[in-house]
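Undergrad: From first to last, the protein sequence lines stand for chains F and P. Take 16 as the starting number for the first sequence in the working numbering and just add one per residue. Take 16 as the starting number for the second sequence in the working numbering and just add one per residue.
Note that these hints are calculated values from the structure, not bench results. Heads up, a few of these hints could be off.
[Stated by the list, open to error] Using 20 Å as the maximum straight-line C-alpha spacing, the simulated SDA-like pairs for lysine to any residue come out as follows:
| no. | chain 1 | residue 1 | chain 2 | residue 2 |
| --- | --- | --- | --- | --- |
| 1 | F | K147 | P | E145 |
| 2 | P | K49 | F | I141 |
| 3 | F | K144 | P | P110 |
| 4 | P | K49 | P | E20 |
| 5 | F | K144 | P | M99 |
| 6 | F | K144 | P | I76 |
| 7 | F | K147 | P | G107 |
| 8 | P | K131 | P | S112 |
| 9 | F | K144 | P | D31 |
| 10 | P | K58 | F | V45 |
| 11 | F | K91 | P | V32 |
| 12 | F | K147 | P | V59 |
| 13 | P | K147 | F | E113 |
| 14 | F | K58 | P | D95 |
| 15 | P | K91 | F | K58 |
| 16 | F | K131 | F | I141 |
| 17 | F | K91 | P | V59 |
| 18 | F | K147 | P | E90 |
| 19 | F | K58 | F | E30 |
| 20 | P | K147 | F | M130 |
| 21 | P | K58 | P | D31 |
| 22 | F | K147 | P | W55 |
| 23 | F | K58 | F | G37 |
| 24 | F | K144 | P | G74 |
| 25 | F | K58 | F | H111 |
| 26 | P | K58 | P | D22 |
| 27 | P | K58 | P | R34 |
| 28 | P | K91 | P | D46 |
| 29 | P | K58 | P | V32 |
| 30 | F | K49 | P | E145 |
| 31 | F | K147 | P | M99 |
| 32 | P | K49 | P | P110 |
| 33 | F | K91 | P | E90 |
These numbers were taken from a predicted model, which means no experiment stands behind them.
There are 2 protein chains.
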Amino acid sequence: MYLLERDRTVEESVEDVCRRWGGEFHIEVVDSWKGCIRDWGGKVVHLTMYGLPVDDVIGEIRGSGEDILVVVGSEKVPGDVYRMADYNVAVGNQPHSEISALAIFLDRYYEGEGMKRDFGGSMRIIPSKEGKRVRTS
Amino acid sequence: MYLLERDRTVEESVEDVCRRWGGEFHIEVVDSWKGCIRDWGGKVVHLTMYGLPVDDVIGEIRGSGEDILVVVGSEKVPGDVYRMADYNVAVGNQPHSEISALAIFLDRYYEGEGMKRDFGGSMRIIPSKEGKRVRTS
Chain F
16 MYLLERDRTV
26 EESVEDVCRR
36 WGGEFHIEVV
46 DSWKGCIRDW
56 GGKVVHLTMY
66 GLPVDDVIGE
76 IRGSGEDILV
86 VVGSEKVPGD
96 VYRMADYNVA
106 VGNQPHSEIS
116 ALAIFLDRYY
126 EGEGMKRDFG
136 GSMRIIPSKE
146 GKRVRTS
Chain P
16 MYLLERDRTV
26 EESVEDVCRR
36 WGGEFHIEVV
46 DSWKGCIRDW
56 GGKVVHLTMY
66 GLPVDDVIGE
76 IRGSGEDILV
86 VVGSEKVPGD
96 VYRMADYNVA
106 VGNQPHSEIS
116 ALAIFLDRYY
126 EGEGMKRDFG
136 GSMRIIPSKE
146 GKRVRTS
C-alpha cells in the first residue's frame with residue numbers, strides 16, 4: 016500500500032493485523048503519486064465511478080498476468096490519474112465508498128476466492144452460527 | 016438505514032446523493048437497537064467475521080423472500096446481537112472494513128446485478144475509458 020502522507024495510525028493498525036492474522040501487507044510512504052504510477056511495472060487500474068463497468072474489463076485485466084496497482088482516490092482525483100491509468104474501472108456508476116469499490120474489485124479479480132484465502136496468521140476464526148470461536152496457534 | 020445516534024453529516028450526504036443520483040435511501044434514528052431488531056418483520060443478518068461464510072448461507076437468505084435487515088457493528092458488538100440475528104454472516108474470516116462487508120454481502124445478495132441498477136436519478140454517468148461523462152436530465 017502506497018500512501019502519499021505518513022499516517023502512523025494506519026501503519027500500526029495494518030502491522031498489528033498482520034502480526035496476529037497473517038498476510039504480507041505493508042505500507043510505503045511515497046513523495047509523488049505520479050512517480051509511483053509511472054514506475055509501476057505492471058497494469059495500473061484506477062477505480063472511479065466514471066470508468067468502464069468492472070465486469071466488462073476484469074477478464075482482460077486478470078488475463079494480462081501482470082501485477083496490478085489499484086489507485087483509489089479519496090477526494091477530487093487529478094485528471095492525470097485518468098490519463099496515466101491503463102484502466103479506469105467503475106464498480107457501479109453511482110457514488111459509493113472507495114473502500115467498497117476496492118473490495119468488490121478484488122473480489123472480482125480473485126473470482127470470489129480471495130475471501131477464502133489463508134493468510135497464515137497465528138489467529139484463525141472457526142466460522143460459527145453464533146458467537147466467536149478463535150483458534151490461536 | 017437505522018442509526019443509533021443522529022448524525023446530520025451522514026443524513027445530509029445521503030439526502031444530497033439521492034436528490035442527484037436517485038434511490039430511496041433514507042435514515043431513521045432509533046432509540047434502541049434491540050427494539051429495532053426485535054420489531055423487524057423479516058430476516059436479520061448480522062455481518063461479522065466470526066460468522067458462517069456468506070457463500071454458504073446467501074442462497075438460503077435470498078430464498079427466504081423476506082425483507083432483510085443487515086446489522087453492521089462499528090466497534091465491539093454486544094453478544095445479544097449474535098443471539099438475536101437469524102444469521103451471523105462472515106464476508107471472509109479476517110479483519111476487514113464493515114462497509115466492504117456490506118458491499119460484498121449486497122453484491123452476493125443481488126447476484127452481481129445491484130451494481131447495474133438504475134436508481135432513476137437526474138444525473139447519470141456515461142461509462143468511459145477516460146475522463147468523466149455525465150448526462151443531466
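Undergrad: Is the hinted pair F/K91 and P/E90 satisfied, with a Cα-Cα distance of at most 20 Å?
TA: Judged against 20 Å, a Cα distance of about 29 Å means the pair is violated.
Undergrad: Sort out whether P/D46 lies within 20 Å of P/K91, counting only the CA atoms.
TA: holds, 18 Å
Undergrad: Mind checking the alpha carbons of P/K131 and P/S112 for me, to see if they're no more than 20 Å apart?
TA: Between P/K131 and P/S112 the Cα gap is close to 23 Å, so the pair fails against 20 Å, i.e. violated.
Undergrad: Are the Cα positions of P/K91 and F/K58 separated by 20 Å at most?
TA: violated, 39 Å
Undergrad: Is F/K147 within 20 Å of P/W55, Cα to Cα?
TA: violated, 24 Å
Undergrad: Please verify whether P/K49 and F/I141 have alpha carbons no more than 20 Å apart.
TA: Distance ~27 Å between P/K49 and F/I141 Cα, so the pair is violated.
Undergrad: Starting from F/K58, check that the Cα of F/H111 is at most 20 Å away, please.
TA: Violated, because 24 Å separates the two Cα atoms, which is more than 20 Å.
Undergrad: For the pair supplied as a hint, F/K144 and P/P110, confirm whether the alpha-carbon distance does not exceed 20 Å.
TA: holds, 18 Å
Undergrad: For the pair supplied as a hint, F/K58 and P/D95, confirm whether the alpha-carbon distance does not exceed 20 Å.
TA: violated, 46 Å
Undergrad: Decide if the proposed pair is consistent with the structure: F/K144 and P/M99, CA atoms, cutoff 20 Å inclusive.
TA: Roughly 12 Å separates the two Cα atoms, so the pair holds.
Undergrad: Below or equal to 20 Å on CA atoms is what counts here, so check P/K49 against P/P110.
TA: violated, 25 Å
Undergrad: Within a Cα-Cα threshold of 20 Å, do F/K147 and P/E145 meet the stated pairing?
TA: Cα-Cα ~46 Å, so violated.
Violation of the numbered hints given earlier is confined to hints 1, 2, 8, 9, 10, 14, 15, 17, 19, 20, 21, 22, 23, 25, 26, 27, 29, 32, 33; the remaining hints are satisfied by the structure.
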